[in-house]
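**Q** These are the residues of each chain, in order.
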Amino acid sequence: MIRALRRKTDLYPYSLLLPALTVTTFIIFIPLVYTFGLSFFNYVIWKPHEIKFVFLGNYKKALEDEVFWISFRNTLIWIAGVISLQLVLGFITALLLNRQFFWRSLARSLILIPWVTPSVITALMWRWLYDGNSGLINDILVRLGILDRYFPWLANGSTALPAIMFALMWQGFPFFTVMILAGLQAIPTELYEVAKVDGANPMQMFFHITLPMLMPILLTTILLRTIWVANSLDIIFIMTGGGPGYASHTLPLYSYIRAYKGLDFGYASTIAVYLTLLLVMIVTMYVIRILKTEERFR
Amino acid sequence: MKKHTGVIRAIITLHLPVLLIVLFATGPYIWSFISSITPEKDMYKGGVSYFPENPTTRNYSRLFSKINFAENLKDSLIVATFAMLFGLAMSVTASYSFSRFQFKGRKPLLIQFLVINMFPIVLLLVPLFIIMSRFHIRDTYIALVFAYATFSIPFSTWMMTSFFNAIPRELDEQAKIDGCNRFTAMVRVVIPIALPGIAATAIYIFITAWNEFVFASVLTGKSVRTIPIALQNMVGQYQIEWGLLTAGGVVSAIPVIILFFFIQKQLISGMTAGAVKG
Chain A
1 MIRALRRKTD LYPYSLLLPA LTVTTFIIFI PLVYTFGLSF FNYVIWKPHE IKFVFLGNYK
61 KALEDEVFWI SFRNTLIWIA GVISLQLVLG FITALLLNRQ FFWRSLARSL ILIPWVTPSV
121 ITALMWRWLY DGNSGLINDI LVRLGILDRY FPWLANGSTA LPAIMFALMW QGFPFFTVMI
181 LAGLQAIPTE LYEVAKVDGA NPMQMFFHIT LPMLMPILLT TILLRTIWVA NSLDIIFIMT
241 GGGPGYASHT LPLYSYIRAY KGLDFGYAST IAVYLTLLLV MIVTMYVIRI LKTEERFR
Chain B
1 MKKHTGVIRA IITLHLPVLL IVLFATGPYI WSFISSITPE KDMYKGGVSY FPENPTTRNY
61 SRLFSKINFA ENLKDSLIVA TFAMLFGLAM SVTASYSFSR FQFKGRKPLL IQFLVINMFP
121 IVLLLVPLFI IMSRFHIRDT YIALVFAYAT FSIPFSTWMM TSFFNAIPRE LDEQAKIDGC
181 NRFTAMVRVV IPIALPGIAA TAIYIFITAW NEFVFASVLT GKSVRTIPIA LQNMVGQYQI
241 EWGLLTAGGV VSAIPVIILF FFIQKQLISG MTAGAVKG
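Read top to bottom, the protein sequences are chains A and B.
In terms of my numbering, the first sequence is residues 1 to 298.
In terms of my numbering, the second sequence is residues 1 to 278.
Since the hints were derived computationally from the structure, they do not count as laboratory data.
Please note: incorrect hints may appear among the correct ones.
What the hints assert, rightly or not - Per label pair, the in silico range of CB-to-CB distance: (1) B:Arg188 - A:Leu18: 53 to 61 Å; (2) A:Glu190 - B:Ile137: 57 to 65 Å; (3) A:Asp198 - B:Ile257: 40 to 48 Å; (4) A:Val197 - B:Thr5: 41 to 49 Å.
Claimed, not checked - Under the rule of at most 20 Å between Cα atoms (straight-line distance), these lysine-lysine pairs were calculated in the PhoX-like manner: (5) B:Lys107 - A:Lys292; (6) A:Lys261 - B:Lys222; (7) B:Lys265 - B:Lys74.
Yeah, the Cβ is synthetic: ideal placement off N, Cα and C, and Gly gets one too.
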């Protein structure tokens, strides 16, 4: 720090950042601006003669597009559902793993496996588990007497999205476990000892010590995960392709399908920009939190 | 007597629930493995066979003879390795800079690295497709290596900044007294100490590149085909060969899981360091 003051403009720290800044400019920033620009154009790649500037035309078109609104609604359901499922299971798992038992480290390692599983493999494994003809889930439910016969989970409009949400819960809950477990281990044990002396029962200790102490880490984790979950589209694409009909369309998936299958780059960009606007608020909240940490950290 | 009830209680409130969660976490893999060694004719004969009577490795051998899975493994290995090397080179220097120097614009730059990680990936798909087609690098290793190395920078930089912050600055000063300049102090003194953290970050970049699907689907075609794309392509138009597909899934997930076990401690401490203090 002293050194930096002595030399007025020391270029050395900037030169260390230069490679990273250069590639992010070309691979991320220029494309971002590009997309924003494209969103004002009618740009379907196989109709080169019809490329023209339509300004807010695509944005208006989206607001009148029924599929856009279905995708929008599904995005909200998707985020709220997946995050709460992951949070609840992740929390319970963390509470259990916070206790001492002889096979704890083995259990913790095994529980982390879903988290490193590629989305493609997650999607394919669960598609197979849900299979309407020879799926394990159907077999178990029929054996337990919960179902009369096999049910096509992913081919039914009302169960497709929840079924995929459940699969994403599987992939993501270990992240919550890891973060909450770290938070639990950072709570000073003296707090519990004092509470015990004062005659508090486990329930009271959970609600008056554990939960409040965990609040900061819970909020950070939820924000971080929300952004990630909102953007994840590969798992939906592979499990149902957005169907049946539009039952499992979300905004990122709709944008992807428009770009990838329809080659409608202008409209796909517009949907992506709408999604970004939706996420900007969450990102801002996250950044503010992280900055507070970073300040304390230095 | 009292001891017995204690054991039973521990089993009901602790061991059993943990076992159920472990089964839930590993179940899909166990099931995929069982499916992958089940002969095809037993698979669709109606009902579900839990223990295949005539286990077979046919699906695994077919994976390599029929659909050229070795080629896909090679493509994934090349892309992930080079993405790891480039991504690491760029983020080690960047995070050292953030950790060791105070300079104008430090904070905005740091936020910038945080924020770019959060833009919807669909925002980048179309322009990257257009740009890489124009430069004729679409469907080459270069396209994916560049993309994955770049996407890895934000997370790697944040993580390694926290590893570097944990190394006392006095070491840099001492190295300079011993005759190092600023660059050699970083390379000879600080980086070796941070090596476990750097290795963990490297493996993390490798894993994410190995797993990535969305960009690969847009930026590759006939000549480069990474594993996620190959697996997705196996989902045919008509009937899915689940035996083959689950074998492919098992083969491609194993390296990732093994690598992950090596780095889980480092990775978790790097990830949770900031959040716990928050």
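**Q** Taking the hints in turn, state whether each one holds.
**A** Structure-based check of each hint:
1. Remark: the range hint 53 to 61 Å for Arg188 of chain B to Leu18 of chain A is contradicted by a beta-carbon distance near 22 Å.
2. For the pair Glu190 of chain A and Ile137 of chain B, the beta carbons lie near 59 Å from each other, so the given range of 57 to 65 Å is met.
3. Here the CB-CB span from Asp198 of chain A to Ile257 of chain B is close to 46 Å, well matched to the stated 40 to 48 Å.
4. With their beta carbons about 25 Å apart, Val197 of chain A and Thr5 of chain B fall outside the hinted range of 41 to 49 Å.
5. Between the alpha carbons of Lys107 of chain B and Lys292 of chain A the distance comes to roughly 12 Å, so the proposed pair stays at or under 20 Å and holds.
6. The straight-line distance between the Cα atoms of Lys261 of chain A and Lys222 of chain B is roughly 17 Å, inside the 20 Å bound, and the hint therefore holds.
7. Our distance criterion of 20 Å between C-alpha atoms is broken by Lys265 of chain B and Lys74 of chain B, whose separation comes to about 28 Å.
The structure fails to meet hints 1, 4 and 7 from the earlier list, while all remaining hints are met.
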